[in-house]
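Those protein sequences? They're chains A and B, same order as listed.
Going by our numbering, the first residue of the first sequence is number 1, and it counts up by one from there.
Going by our numbering, the first residue of the second sequence is number 1, and it counts up by one from there.
You can trust all of the hints, since none of them are fake.
Derived lysine-lysine pairs resembling DSS-like cross-links, with alpha carbons at most 30 angstroms apart: (1) A:188 <-> B:163; (2) A:168 <-> A:261; (3) B:221 <-> A:69; (4) A:261 <-> A:188; (5) A:400 <-> A:305; (6) A:217 <-> A:400; (7) A:305 <-> A:213; (8) B:221 <-> B:163; (9) A:320 <-> A:302; (10) B:163 <-> A:261; (11) A:218 <-> A:305; (12) B:163 <-> A:168; (13) A:261 <-> B:130; (14) B:75 <-> B:294; (15) B:40 <-> A:344; (16) A:400 <-> A:218; (17) B:163 <-> A:69; (18) B:130 <-> A:168.
The hints are simulated quantities; they were obtained by calculation from the structure and are not laboratory data.
Here the structure is a predicted model, which is why all the values come from computation and not from measurement.
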Amino acid sequence: MKKIILDSLGKSQHRGLNFRDMLYNNEARAFFFQIVTFVLVVGLFYTAIGNLFQNIEERGINTGFTFLKNRAGFDILPFLGNYVVDYTPESSNFSVFYVGLINTLVVAFVGIILSTLIGLFIGIARLSNNYLVAKLAGGYIELFRNVPILLQILFWYNLFINLFPHPKQSFAFFDIMFLNQRGLYLPKPIPEDGFLLVALSLLVGIIASYFVKQHYKKKHELTGIHTSTWPFSVALILGLPIIIFLVLGSPLQFDIAVLGKFNLRGGMNVVPEFLALTFALSVYTATYIAEAIRSGIEAVDKGQKEAAAAIGLTPTQSLKLIILPQALRVAIPPTINQYLNLTKNSSLATAIGYPELMSAFGGTVLNQVGQAVEILAMAMLVYLVISLFISLLLNYVNNKMAIQGR
Amino acid sequence: MKQLLKLSAASLLVVGALSVQASTLGDVQAKGYVSCGVSKGLAGFSSADSSGTWTGVDVDVCRAVAAATLGDAQKVKFVPLTAKERFTALQSGEIDMLSRNTTWTITRDASLGLNFAGVNYYDGQGFMVKSSLGVSSAMELSGAAVCIQAGTTTELNLADWGKANGIEYNSVVSDTNAQTLTNYDAGRCDVLTTDASGLYSMRAAASDPSEHVVLPEIISKEPLGPVVRQGDDQWFNIVRWSLNAMITAEELGVTSATVDEVTNNPERERLMGRSGSTHEYVGLTPDWTYQIVKQVGNYSESFERNIGINTPIGIARGVNALWTDGGILYSPPFR
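Here chain B stands alone, though its shape is the one from the complex (with noise of 0.2 angstroms):
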């Protein structure tokens, strides 16, 4: 009889774990954190410090929401994530939101049960070679062994690319990172391959960053943004405009530091919640978005903290840069 309870309350548990949670916002806010899935550690996307402290730009697309939702940008709990991993956890519900490098495509996007809230990188995929190896670009790299992550979008571009160039390659798959990394490292192949910005990261990591060379060649689209569940508009829409919001900021010159100024700019003191009702559409405090630029800043800051060009990252905004400034980085109005 007492087994018969157990496995009856082991039962119950798993029926309870797989009901659908009908609001994101209201879980998250009753259970007082943010829980984010990052990447297992990218330098200046997401990666962890030896105290423990996540830092990057895509940890910062999770504080932001944090700061909106729980008006504290340090209420996020992190849980590093593989490629192969980090759908499943978001679908299972394991996850509120997904900030890991992450690409945007139809597929994913339409069959997988998942939103993308935005773009927050716009990326490509690149090359990387020992500079020992004397090779200059990409299209020489025909019978060369490619290290690369399994389940990536960077797999799929490879092939194509491969196929389209005539290009022959034995392709050396591993599950993590570090593993991908290890590889190359070893000389188990010639050529590693992911988003350029995975690139320069990893360059930065190595010991001696001028033995490697990323090749010119860009072979690949690589829009990089958060992911949200589908069902949940309005977690949806909080997650857009979280980033929405420190693009925007960023585009008003409100930066951490300037954000307490109070100014005549109407579209500024909306963004800061002095005036209108944007709050009210998302379900949140007026205070939300002062929130997300005081405590996590803007995109600038957050850009040029992380990855930007006076950090070993060293990558300039380039096609991130704002619109006004001649990159793409667009946010739509807040209005």
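Pulled out of the complex, with its shape left as it was, chain A reads as follows (with noise of 0.2 angstroms):
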């Protein structure tokens, strides 16, 4: 087989390009084959698209994207979103839009910080020498891993709204926050003249600890004297605002919830829609991210740990300093995955209403334009550039952390 395809070859050079040669050549037909695929594919696409756009018009329904400047008319339940936006029934469909989007966004940030914290403790204490922890561990992974997320979202949102008292018999903290089964209502801060000062003090230590700790990591090398750093950032990075804070005067009011006459009205309300979904993804999603945690820390090999307690660290140091960092390289990629299934996920927050890109959006508006196919297209493409933005992210800290060849 391979003595005729370089005869043939052979011969195709000698005689220039010959069609019969072309085709018994496979490297010519495999490259026609692709070539025919690839315009059928594009073919069956535009027409595919082409036919939607025809059937829409066809049958009178209103196509293009002015709906977005149309007033919504409808209200949102009341979070961040509305906050940012001020959003009211007068605002456009646009800010609908914004409203979902912060949304989401404040579901998916919240939920990866928590979960990545869940999700650490858990591997770590799966792999821990103590049986019951370990188990325990264990245990937890197994229950809520194997439970589909959106019946858990139901049942933590169902639970919370049925287990918590009525906002007349409010569990209070000191008579400034409380919980009740419309969700956790905390003080609502309004800053005053001259909190930016205390703003931008808190940035200053931030920035100023960082050099510290800077310093004395150099010293550290050249001298080999190691100087805890923690009192200087705790100085600098609490103590300066605070001290600036009341130099000023206090700038800074809080707004208490007090009881109306079906509600507790002002203060900071987190509504319960809000508390359950991102607790069911974060809990759901931190299985995952304690088990690639396990995998990174098993990938280690254990004469690395062996080496560490022989040189004489301390099992929290041969954590800090020789697994962890190993670790974290192979449990990085699949974390990643997590982070980027979780904010998918939060789509599901449909089903208890709270007001997220594709219930907000994609849902209410969409029900009330009617205009499928851009509103979708739209929320499609958030999900895409903020999916993509993670991977962006995560990809660079990966690359961070990958071994340095020399």
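If you follow the hints, you should be able to join the two separate chains into one complex; please do so.
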């Protein structure tokens, strides 16, 4: 077989381009079929999309994006998105898009942080030498990983609204924080003149403590003398803003929720839909992150731990300085996938009515204006951009963590 | 190559599914059933019992169309839809008609590629609260949390009404009727708002109906009716006149029990298809209206059977009485 091909190739070199030879040439044939496939696929998509728009037009359905400018006319469950956009029913459909986007981002952000913390903790606990701790962590993973996430969201939500008391019998914490079935009511900070200075001093404190840390790190490398930097950090990051805050005469007021006729009014209401969704997503995603962390730790050679012990490092030091830096290298790529999953799973919020992108924009606006193609395309684009952004960010981190070639 | 074939086949399916069906009537008769979009369960309007049989006034409109087009009121495939899904399902051709307590508005009629074929229930938006709250008027609701279903005109009316009356509220939005009701029962919100008929239906389904009060204010007009796709006038006429046949039958005093009696009332004979040629205009058999009344009954029968005063839902005819009885129910003449 090989000989024949070589022969035909040899012949074609002598005779130049020959159709018969091309027909029997594997490379040419493969190329030809790839071109045909490509043309067919593009053609089919082109026809499908053309057909779609033709049908939409024939059925008298509105097309285009002018609906974005129209008045929305409906209310949205008041949460972060509403406050940031200053949403009222008079706002446009495009503001609903922003409200949904912000609510999606806040779930993704809080969920990623929370699931990482839980995942890290459970992942390490599962490898603990303590039998009970290891089995409990294993049980946690098996339980939460094997129940569908939609079910978990509905479970936590319905548990929340049925378990906690009516606003009139709220659990009160020092009479400034309240918890009831309508959510968590926190004091709402109202900054006054001069609060900006306090915020600035916090920033200065963070930057300064970074330089202090760098300084002592250099000293450690040069002289081998280890200096603990945390007292400096505390003084700079906490102390400095507090002093400025007091000097300026406490330029911050708090609005505390009070009981109205039906509800607690005022304050900052963290709605149960958000709490249930974030909790369910974090608890669920954490199981996968925990497994990723465990696989990372187990991938580190046993000799590393023994060597760390041999040079006199404590178990904590060995974990922090030797094991985790190497383990994270293995654990980061699967963890990135879980962050993406969490962000995309947040669209399940539509089941409990948390006003994120798919619920507020892809649901309510879609139903009020009926332009499914435009609205869903916009929503898909947003999830695509968020997902690509997360992977870009974490690919950067991954590159930083990767073994440096010498 | 195999993969390529698979891909092409899949793409052809997409293209095929997207193409316009020329005649809904032809499609329905070819497949042998009417695919009808209904609610996910609203007692008296459209709900399925434990054996999977659908009943309700909205369901009866689907059955009337099946009786008219296929001669058998049972040949309906019910597709339960949430408020949010309903228009997309109809636009995409997944269902042949929508009969799901849907309010007729100009936006829906003129911009969604849909046509409303008539009104089978004149409704209005109301509020329900727990009796223990001691509220007797919707004007006292400032500061309350309101449970509401997503993707409804109710959401829009509530915002308009709140603004006009200076009433502030938190809206708690859910996707389905069931979750809205769960939220209200659990106390996530103080007030439940939807069409008054829906409130009566939910109150009837509650474990103790006397624990809930429907407030007297009606804040909107909600004419509910069946919907079809734009661009198929024959099908539009069939759905519209199937509903009108039920109303006209009540007006003429024809019931499913008396439909076989031959009288000398020419209008009645025309309606029953024993004279005249209305069936030709809509492309159906002469007995199409006869089958509707025989198998489904007239409007009054359907109403009293499903939501009338002797049912647990207990709604009086009110504005839904015939125009001759002081209501606004009115069918153009059959001639």
